[in-house]
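*Asks:* Starting from the known structure of chain A, arrange chain B on it as the hints suggest.
Taken in order, these protein sequences are the chains called A and B.
Quick note on the numbering used here: the first sequence kicks off at 801 and runs consecutively.
Quick note on the numbering used here: the second sequence kicks off at 801 and runs consecutively.
Keep in mind the hints are simulated off the structure, nothing from the lab.
A portion of the hints provided could be inaccurate.
Because identical chains share one entry, a pair is satisfied inside a single copy or across any pair of copies.
Derived lysine to aspartate or glutamate pairs resembling DMTMM-like cross-links, with alpha carbons at most 20 Å apart [as the list claims (entries may be wrong)]:
no., residue 1, residue 2
1, Lys-1127, Asp-1039
2, Lys-992, Asp-1039
3, Lys-1259, Glu-1360
4, Lys-1285, Asp-1384
There are 2 protein chains.
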Amino acid sequence: MSTLETTVLETINSPADVKKLSVKEMNILADEIRQGILNRVDQIGGHLGPGLGIAEATIALHYVFNSPVDRFVFDVSHQCYPHKMLTGRKQGFTDPCGHPEISGYFNYEESPHDPFMIGHTSTSVSLATGLAKARDLKGEKYNVIALIGDGSLSGGEAFEGFNNASVLGSNFIIIVNDNEMSIAENQGGLYKNLKELRDSNGTCANNWFKAFGFDYLYVEEGNNVEKLIEAFNKVKDIDHPVVVHIHTLKGKGYEPAVKNKEWGHWSMPGLLSEKSEISGVIPECYETLTKDYILNAVKNDSTVIALNAATPGVFWWDSEFRNKLGKNYTDVGIAEQHACAYASGLAKNGAKPIWGVHSSFIQRTYDQLSQDLALNKSPATILVFWGGINGADATHLGLFDISLISNIPNIVYLAPTCKEEYMKMLDWSVKQDKHPVAIRVPYVDFVSTGVEDNTDYLKLNKFKVVEKGSKVAIIAVGDFFSLGKKVKEELKSKLNIDATLINPKFLSGIDKELLEGLKSNHDVVITLENGILNGGFGEKIASFYGNSNLKVLNYGANKEFNDRVDMDELLTRYRLKKELICEDVNKLL
Amino acid sequence: MSTLETTVLETINSPADVKKLSVKEMNILADEIRQGILNRVDQIGGHLGPGLGIAEATIALHYVFNSPVDRFVFDVSHQCYPHKMLTGRKQGFTDPCGHPEISGYFNYEESPHDPFMIGHTSTSVSLATGLAKARDLKGEKYNVIALIGDGSLSGGEAFEGFNNASVLGSNFIIIVNDNEMSIAENQGGLYKNLKELRDSNGTCANNWFKAFGFDYLYVEEGNNVEKLIEAFNKVKDIDHPVVVHIHTLKGKGYEPAVKNKEWGHWSMPGLLSEKSEISGVIPECYETLTKDYILNAVKNDSTVIALNAATPGVFWWDSEFRNKLGKNYTDVGIAEQHACAYASGLAKNGAKPIWGVHSSFIQRTYDQLSQDLALNKSPATILVFWGGINGADATHLGLFDISLISNIPNIVYLAPTCKEEYMKMLDWSVKQDKHPVAIRVPYVDFVSTGVEDNTDYLKLNKFKVVEKGSKVAIIAVGDFFSLGKKVKEELKSKLNIDATLINPKFLSGIDKELLEGLKSNHDVVITLENGILNGGFGEKIASFYGNSNLKVLNYGANKEFNDRVDMDELLTRYRLKKELICEDVNKLL
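Same shape as in the complex, but just chain A (with noise of 0.2 Å):
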C-alpha cells in the first residue's frame, strides 16, 4: 500500500487553495478526487458512484462559495468524499494509514465544514434551514448551502424541509444532485418529474420546486466544472430560497460503476483487485433462505408481495430477484415512513407484505409502527436485518431496535436463533392474520440445527428451555444464544456449574410462567440480547424478578453511539464475553 501521487490535490489543503486553481487545474483535481476515492473504497471499501459523480460540483462549490463561513449542509452525506478531500482531509483518501481516520460521512468532529454528522438520508434541508433562520435572527450574513440528491428527496423530512425552507424569505440554496438514482433506481411521481426536468432543460410546466414557490435554475453539464462555477455564482448572496438543479453521472470516471449504478454505489474492500457481480456458489444464509421463501410464497399466493426502502442489497435482494417477482415487489425509495403504511394497508386488505429493513432504518418510521400498523394490527411481516452491536458509524449503528419496536402495544417480535426457527416463523408470520410480526434476522452467525421448528408461534410469548439446569439460567436472545451456549459451558468448566439454557424467542412480551418457575431452584438469571439494554429485553426481566430473591444480571450495550469502535473493545466494555459473565456470576453466588 503506497499514497497516491497527485499533482494538483496535493497542493490543496483548504477551500483557499481551491480558489486558486484555473479550470484546467480543477479538471484535473476532479480526476485526481475520484483516483482518491477508488483508492480508499479500495482499500476499506464505502460508497463510491455518489462521490464520483459529484466531483466537479463540490470543486466548483468550494471555488465560489466560502465554507465554514458560508455553511454547507450534505445530504445523503456520503456524497461528502470530495468535500473531505478539499477541506483538510485528503489523508483519508490519498494515505492508506489515514483512511480510517476519516468516516466516510459528515462529521462536525472532524472538521469545522462539516456543521453536523450526519448518515441517514433526506435531513440536509431541514437542518440547514436551522441554521439560516440562526444566522437570521443573529443578524448574521453568509450563504447555507443544503446539497440533497442520490435519492434522498423521497424521504419525508426532506418534504417537510422543502416546504418550510421555501418560505424562510432569505438566502437559501438549494443544490439538487439529480443522478437519475437512489441507491437502487428511483421511486415515485417526483422523480418522473426530475426527468421531465432534465429533458426539457429546467423548463417544462411542472416543476415540483416551483410548485413550492422556490427560485429555480437547471444545469444540464452538472460535470461541468465551467457550468457550475457560473450557476453558483448566480446564486451566491441570493435574498430568497433558490433550487439548483444538477444534472450529474453517478459512477463517473470509473466505467463499471456508470454502467451498473447500483452496484457501484457502494463497495467492499478490494474493489480494483477483484471485485465485480457476487460470483461463485453463495452458502446458505439468512439472505438466501428469505429470498427462496418469498420467491415461492409468491408462486402460491399472488398476494405476498416483497417491499423495502431504497436498500434492496442490504438483503441481497438483486435485479434478478427483484425482476422475477415484478408486480410482487415494490421498492418505495427512502421512504420509510410510507413502507410502514403501505404494509399496513397491503395487510389490511388481505395481501401479505414481507418488507425488508435495516435495524438503523426502522427509527425513520415510529410513528407509523405504532399508530398505522400496530394499532390497526395489521398482519405485516417485518424483517430487520443488521440489528446487534458492530463496529460501524455512529449514523449506522444496529442498537436500537428491540427498545424501539418491542415496547409498542400489539407488535410481536421474534428473535430466532437458527435458520430452522427462522423458516418456522417467516412462515407462521406470512400466513397468520392476527398480528403484525417482525423479526430480528440473526446478524452474528448462521446457525443450522437440522432439527424442524414445530412451534406454534400464535401461543404467544413463550420461552423454550433448551437444557435443564439449576442455580444459574441463562436467557440468551436471538444470535446471542450462540454466546449463551458458551458462557453455560463456561460455568460448568470453572464453577461447576450446570446451568439452565433458555431462548426466549419473544422479544416483546415475557413468559411469566415459565420464569416463575425458574424461582424454585435458581439463584441467578442471566440475560444476553445483542443491542442496547436500555430499553431492551433484559430489564423486563429484572422487573419481573423485582420482587423475588432471584437475583438478575443483563447483558447488552450500554447507551451510547459509538463511532467506528472495535468490535471486540466493545464486546469487553460490554463483558459480553463468556470469561467476564463468568467471573460477575462467581462474584454473586
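*Replies:* Chain B in isolation, oriented as in the chain A frame:
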C-alpha cells in the same frame, strides 16, 4: 338533554339511503349533519370546524361511491364526523346517550366503513396505497379514495405517500379537502401553491400535484353538493391516480367557527351555552409560566425562538403570544420531523430553540431525535406536554414518550415535580450549550412549593432525597411525585414505615451512587412513573438492583392501547393507588 330532531338524517341508516336523496334533501341533510356535530361537541367536546366544512363533500362521496366496497380512508380522521353519521352511527351525534359510544376518529372496530383506526395525520394516502395495491394483486375492482387536508398535507408521510401513489398505475383517488387551514394557519410553500390553485380555479402553471404526475381536477365550490357529485362522478372508476382538489369552508354553518377558524377547530364541552374565547383570570399553570418565560427570554436574547408543529393550542400559544414573538416564532405546520431537525440546526448555529410538542406527536420524529438532534448534541429545548396516563382515544395516548426519548443516547430528559423545578430546568436548558434537553411538563396537577430550586442540572443524573427514611424507598417521577408523597403517608399510617422519598428529576439516567447508598438500610424500592412501564424509568432501577438483595416494585402503565378508558379504572388496573401499593409492600415484607 334530548335527542336531536332531524327529518332527513333520521332516514339515513347506511350509505344506500343517501343514494335515494334529491339534491334538496341532501342540502337539508348537510345542515342536519352540522346540527349533529354541534350537538355532540356541545355535550362532550371534540372537533368542530373540520366536520362542519366537509358535510356536503361527505354526502356527495357516499352518493357517488359505494362504501364499504369502495374504500374511504380519512386523514386527520377528525374530519370523519359526517361520514360516521351516514354509516350507521348517527346516534353518536344526535342522541346524548349515544355520544360516548362513538369515537371522534376513524375506527375499524366501529364499522366496516372505516378500514383503519386513524388519529395522527398525514397517513391516509400511504395507507390507501396499500389497500389499492392489495386490490390489484387480488385482481379486484373498486375505488380506493383517500381524503386528506385540514393541514395534513405538510407531514412527510403524506408526501411519501403521494410520491408512490402517483406511480401506482391503477385506480386511486385523492380528495384534497382544502379549507385554507391547518389547526392554526397553514404553513409552508405547498400552501402557497394551494392558494395559487384556488385563485386560478385550478389552472395556474405551477401545480404541485401535477408535478408528481397526478391527474388533477379542481372544484371551487366545495360546499356545493351538485358540483361535488359532478366531480366525483368524473373520477369514479378511473384507471389511474387522480387528485380532486376541493375548496371548502371550515366551520361552515356556525358563524363563530367560521370567523375564528383556529378557535373553532376543536372545542371543550359547553360550546353552545357559554364557551367563546377563554376569558377571566387564568390561574397560574405550566402553560402560562412557559409563555411568560419565553416572552421574557426573547426580550433579553433575540436568538430565543419558540417553535411547534401545528398544535400551538396544546400549549396555549394563542395568536396574541405568536404575534408578540414575531420572527422569534415558527409554526412549521404538521411536520414534526422537520421541527426536530430545524431545532437542531437552530441550536447548532447558536440560537436557542424551545420546541413545544404533544407527547403523542413526538412519536412522529424518533429518527430525527436520534440522528439530527442527539448525535449532534444540539442544545435545543423540547417541552413535552400531555405526557401521562389519560382517558383519551387510543390514537392520542401520552404513554410512550419516556420509553421513546430516554433510551436515546445524549438527550437529557428531565421530569420536574413542581413550578420551581420546571422554571429552573427550563432556564438552565435554554442557557446551556452542551446537551439536547427534553422536559416533561407535569400533567396531573400544578404544584408550587415556594422554595427556589438551586440545582445545577449540568451535573447529570443526580436524584434528590426529599425525605430520608428507611426500609422502603419511593422513587416518584415527575408529576407522580404527589402520588409518592401519598404512598409515603399511607406506609406510615398503615405499616408504620418511615419511607425514604426520592425525586429523581432525570428520566434519562440513574443516580448509581444514591441507589447504591439505599442498599444499607432499605429492603424495597418502589418506582412510580406516569407512562408505560416497558422501556421506561422503573425497569432501569430494577436492572440496577438485579445483583442485590433489594427488592424493586415498578409502577406505571401496561403496554397496551386503551381507547377512552376511565382514568380511575386505569389507575386501579395498574395499581397506581396508595392503598394498593401499600398492600403490595406489605405482602413483600
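*Asks:* Under the constraints set out in the numbered hints, which ones does this structure not fulfil?
*Replies:* Structure breaks no hint.
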